[in-house]
Amino acid sequence: MRRTLPAILIFAAAAAAEPVSFSKQILPVLLKQCAGCHQHPNVQSGLTVTSYEALSKGGIKGPGFLAGKPGDSSVVRYLTGEAKPRMPLGGKPVPDEQIALFRAWIQEGAKDDSQGAVSGTGSLSAVPDKPISYKAAPLVTAIAFDPSGSTMAVSGYHEILLTSPEGKLLGRLPGRSMRIHGLAFTPDGKTLVAAGGDPARGGEVQIWDVAARKQRASIANGPDTFFGGALSPDGKLVAAGGGSDKSVRLIDVESGKEIRRLDHHEDWVFQTAFGVDGKRLVTVGRDRAAKLSDVATGRFIENVNLLREALTAVVRHPKRDWVLVGGSERIPYLYRMDRPRAMRIADDSTLIRKFERQDGPITALAFSADGARIAAAAEVGDVRIYNAETGDLVARCSGHQGGIYALRFTPDGAHLVTGGFDGKLRFHDMTGKIAREFVAAPVELSRGN
Amino acid sequence: MKRFFPLFACAALAAAQPLSYVKDVQPVLNKTSCTSGPCHGGAKGKNGFKLSLRGYDPEFDYRAIVHEMTGRRWNRTDPANSLVLLKPTMAITHGGGLRFDEKSPYYKIILDWIAQGAPFGDPVPATVAKLEVSPAEFFTDKPGSSRQLKVIAHYADGSSRDVTRDAMYSSNTPQYAEISDDGSIKTLRKGEAAMLVRYEGKLSVVNVTAVPEEPFAWKPVPEWNFVDKNVYAKLQRLKRQPSELSSDAEFLRRVSFDLIGLPPSPEEVKAFVADKTETRKKRAAFIEKLLARAEFVNHWSVKWSDLLQVNRNKLGDKGVWAFREWIREALEQNRPYDAMVRELVTAKGSTYKNPPANFFRFTREPKVAMETTTQLFLGVRMVCAQCHDHPFEQWTQNQYYNLSAFYGALAVKGGEDSDEEVVYDKREEAEIHHPKDNRVMPAKFLFPVGSMNVREAKLRESLAEWVTSKQNPLFAKSMANRMWSYFMGRGIIDPVDDIRASNPASNPALLDALTRDFIEHDYDLRALVRAIVNSRTYQLSYRSNPTNEDDEVNFSKAAPRRLSAEQLFDAIHVAAGAKPKFQLVPKDSFAQDIPDPTVGKGGFLDVFGRPERQTSCECERRGDMSLVQALNLVNGATIADAIADPEGRIAKLVMAGTPDRKLAEEIYMAALGRMPQGNELDLALTYMGKGPRAERAQDLMWALLNSNAFLFNR
Chain A
7 MRRTLPAILI FAAAAAAEPV SFSKQILPVL LKQCAGCHQH PNVQSGLTVT
57 SYEALSKGGI KGPGFLAGKP GDSSVVRYLT GEAKPRMPLG GKPVPDEQIA
107 LFRAWIQEGA KDDSQGAVSG TGSLSAVPDK PISYKAAPLV TAIAFDPSGS
157 TMAVSGYHEI LLTSPEGKLL GRLPGRSMRI HGLAFTPDGK TLVAAGGDPA
207 RGGEVQIWDV AARKQRASIA NGPDTFFGGA LSPDGKLVAA GGGSDKSVRL
257 IDVESGKEIR RLDHHEDWVF QTAFGVDGKR LVTVGRDRAA KLSDVATGRF
307 IENVNLLREA LTAVVRHPKR DWVLVGGSER IPYLYRMDRP RAMRIADDST
357 LIRKFERQDG PITALAFSAD GARIAAAAEV GDVRIYNAET GDLVARCSGH
407 QGGIYALRFT PDGAHLVTGG FDGKLRFHDM TGKIAREFVA APVELSRGN
Chain B
20 MKRFFPLFAC AALAAAQPLS YVKDVQPVLN KTSCTSGPCH GGAKGKNGFK
70 LSLRGYDPEF DYRAIVHEMT GRRWNRTDPA NSLVLLKPTM AITHGGGLRF
120 DEKSPYYKII LDWIAQGAPF GDPVPATVAK LEVSPAEFFT DKPGSSRQLK
170 VIAHYADGSS RDVTRDAMYS SNTPQYAEIS DDGSIKTLRK GEAAMLVRYE
220 GKLSVVNVTA VPEEPFAWKP VPEWNFVDKN VYAKLQRLKR QPSELSSDAE
270 FLRRVSFDLI GLPPSPEEVK AFVADKTETR KKRAAFIEKL LARAEFVNHW
320 SVKWSDLLQV NRNKLGDKGV WAFREWIREA LEQNRPYDAM VRELVTAKGS
370 TYKNPPANFF RFTREPKVAM ETTTQLFLGV RMVCAQCHDH PFEQWTQNQY
420 YNLSAFYGAL AVKGGEDSDE EVVYDKREEA EIHHPKDNRV MPAKFLFPVG
470 SMNVREAKLR ESLAEWVTSK QNPLFAKSMA NRMWSYFMGR GIIDPVDDIR
520 ASNPASNPAL LDALTRDFIE HDYDLRALVR AIVNSRTYQL SYRSNPTNED
570 DEVNFSKAAP RRLSAEQLFD AIHVAAGAKP KFQLVPKDSF AQDIPDPTVG
620 KGGFLDVFGR PERQTSCECE RRGDMSLVQA LNLVNGATIA DAIADPEGRI
670 AKLVMAGTPD RKLAEEIYMA ALGRMPQGNE LDLALTYMGK GPRAERAQDL
720 MWALLNSNAF LFNR
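Sequence lines, in order, name chains A and B.
For the first sequence, my numbering assigns the number 7 to the initial residue and increments by one for each residue that follows.
For the second sequence, my numbering assigns the number 20 to the initial residue and increments by one for each residue that follows.
Bound conformation, chain A alone (with noise of 0.2 Å):
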């Protein structure tokens, strides 16, 4: 029975004109069947199933494959239950026609046609075609205003919207991201960087030329998106959150390279800051750690805060080495970066602040330029500005429908710019009351009307 199989097989395998292609007939399968639990962060078995170089290592049971010898190769003796427990295990066997095309491909030399690209995971979109149109306003993830606080950067759909405080559309930078978690002028204004990516896809972050509204690099890296995107106070790295790899990337803006990887979170980083001489990095995620690093080696020195809830947010005191770090616990804390002396467990010596709890997990804060003032949105309820020094609440941003995901203070100091669930930039100024508001985006009237 075992010897006449393969004969029909081949015969089968025979009568195709084409060659089976790993890219086109296997990875899919591959991916659509097996790569639930055979890929980062998963891996069951030591098994990664999403490149012809990983299917090819193997796992603990040994190679995916052998070359030429279909019958004694893992991928199909497991696939067909042969080996036990039968994959996928729990789920429909894979149709045995599936598993002809799997056995032809080894018996013909198991031949890689990839190109070591890999599809599905780790694959960013392309750049559209034509302009998005939008039928309603895209969520506003982030915000950022140039040096003279002229021109603001908002996250669209798939694009970068330039835009005037007043809210006029200035230019649109199309790029490969579906999302924009982070956005950050350099300080003589000419240059844009963006991190983002399409979620469980793909991470990027975007260098743009601001003036000539084109883009200069683009670093598409990851299993996910990119969070955070800070800027060092010099304008030549930036920082940005690796999503479900729980890494930090930090790219070098001149060159669009990426120079260093830092794993020391858990979990997924979604935020980062430059300390103010730009030598050190504080990093937040859902570990509920925000990890102070050295930039120049990467390394790791010491959490600034005493563990508590996961943080989504971080943002540092324009001029001082303060932090404010929050999450899903809603309390705002403002930390020294730096620990006097050595740390203990559970010393919380270097917390200068903790501000009101607000109504739902924390999703963004900001410091104003002079450091007076710090500002802080959450999942529900309303934006709230304190005073950095006093703690004291200053005003209540309201008027937005659900959650507020991007924060920032104009340059000048007079407004607070908020945006999030529901599309819309609404700049309120200290006392809180609302002073404009407009939508980024080009959202077109619907026809039907």
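You can take every hint at face value.
Pairs of lysine to any residue, SDA-like flavour, derived with a Cα cap of 25 Å: (1) A:K242 - A:I265; (2) A:K98 - B:G114; (3) B:K205 - A:G97; (4) B:K127 - A:S139; (5) A:K98 - B:F119; (6) A:K98 - B:L117; (7) B:K169 - B:P144; (8) A:K30 - B:G116; (9) A:K30 - B:A110; (10) B:K65 - A:P94; (11) A:K98 - B:S52; (12) B:K477 - B:Q418; (13) B:K463 - B:C403; (14) B:K65 - A:D293; (15) B:K386 - B:Y371; (16) B:K598 - B:V618; (17) A:K67 - B:G114; (18) B:K455 - A:E362; (19) B:K477 - B:V431; (20) A:K430 - B:E78; (21) A:K98 - B:K127; (22) A:K141 - B:I128; (23) B:K367 - B:V431; (24) A:K430 - B:A83; (25) A:K38 - B:N66; (26) B:K300 - B:R545; (27) B:K63 - A:D293; (28) B:K386 - B:Q633; (29) B:K63 - A:E272; (30) B:K248 - B:D513; (31) B:K205 - B:S223; (32) A:K90 - B:G115; (33) A:K38 - B:L105; (34) A:K98 - B:L105; (35) A:K252 - B:G115; (36) B:K455 - A:D365; (37) A:K98 - B:G116; (38) B:K367 - B:K432; (39) B:K69 - A:E272.
Since the hints were derived computationally from the structure, they do not count as laboratory data.
Please build the complex by placing chain B on the supplied structure of chain A, with the hints as guidance.
Same frame as chain A, now just chain B:
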């Protein structure tokens, strides 16, 4: 990727029906298992994405999908590129595998909902008020045949729709009838099963009966009381003939173990078998004698002590004796069951001076006290609802805390003696808070009973009135069911302390009749026992006939039950005429006299499943068989020492020079409560003739004590 944009516009236009999260999307997430325990509904969610278990908290789930992580899980501009669609269709790899594909109606619902702006909707009109399932029951005379269910959800706003595709289905006994994911029932063999249909917190049960079209003529059987009438009605419908009546000797052994925990004496057996009075009358008379015996109190105090966790670790030395004395006194006086429960639920003061206060020494705090109260006295398990709405029942998390609030003031403090404690009601901080938002939960009954209102000033008294009311549909019922299980091997609802709509009674009319009888007798426990054991159903033989051999749930025959740890231990000693030797208790105490599991710990009793009394679950006492038990019986000291006791039965018989034939008969009578039958006597005599008499007689006794006829009550 680019292709998607124009398509989206069409999708938006095509969606005529306005959709909402609460009414349309949430049922899809439940049906496709997204919110199940092993997936995103687990306590920690999966891969950072957490939903509430089976969607009991739609607001939480909506926030997780739409707002959490800056809205990354959906896509307003390009709905088809939303994670909540890409993941379950495996367009992006998904640890949970393929939940549905792009062509499925589930996909379209979610896609259209996002295209409409992902609205939450108004939960009030979207609440399912009633499920209408048709057919309401399914009877077939062709086992193997199938039937498709139709499920209509009726909403609070008066609207309704067909939810057959989205409801969740399961069978309580899939070996008789199974049900597919889309609501198609398939009967497999003769028998019954209940199909559970769940949709958005509402539940409906469809009873399925498959009885083949085969010749069956019911042979009339006498009805001795209302129990028989209800049992026979069901059996006739299922074409099952009950077994024959048990023999006198079988009956005597069975009823003695069940009522007093001990075997009948040889003298009792001889006199009973010789008695020529009509069977039913003489059995009834014997039952009355047993009900009056002191051992009746001993035996039933073991059961009550199990349920009330009479355990030295929890109650202290003196507490164990005090609480047990209270139980014994109640049983002796035949105190009505409702009076006992009222004393427990309202108990205050010193655990020494007022023994029922020990009820709160083991429950200690409001939530556990509430869970114990409902499980013991109403047969309802509330524990799941502490963290989420009950997945298989109507009880909600709110109700859990509303009911706990009756015990909100409950507190325990130290007494004068180091081991004494005092139960009291606190004056401050007596509120129960909801864990989600910390709001104060007012005391509310689990369901209305008559026109009874909560008495705020006397919450525990109020709770006791509600629990024990004759109008409370669960109080008498749960006890009647529990007692029935002690005599018949399983509850009419089983497990007995898990009464819920999704765990239906095998014979509701029988349970209702028993409940009514218990109430009419003002909660007289002996009267309840009397009704059960005087039924002909209780007195049936365990031997089956061709029509009932595969019946396990309709009481058409007796169910052999392994003797409990205490029964077995005591029966060995009674048979061997030996005295047990327990520490910490008065001399010559039997196992049924032991107050708590500290006595004889780690020994024979624990091997045979005596509970440690750590929970109020009936399941803590194990009735199973194990290899350790078999080895203990064959090689252990308990049987060996008892049969070799120099003051014991064998020693006395041998010393008295009893002839072989008489000796063998005495041994049979002592061990099995009957004379040797068939070739048993010949075999015994041959064996005894071949060696030293004392040793051979001990061997015969040893063999009988290892037989199923001895180990089982049947």
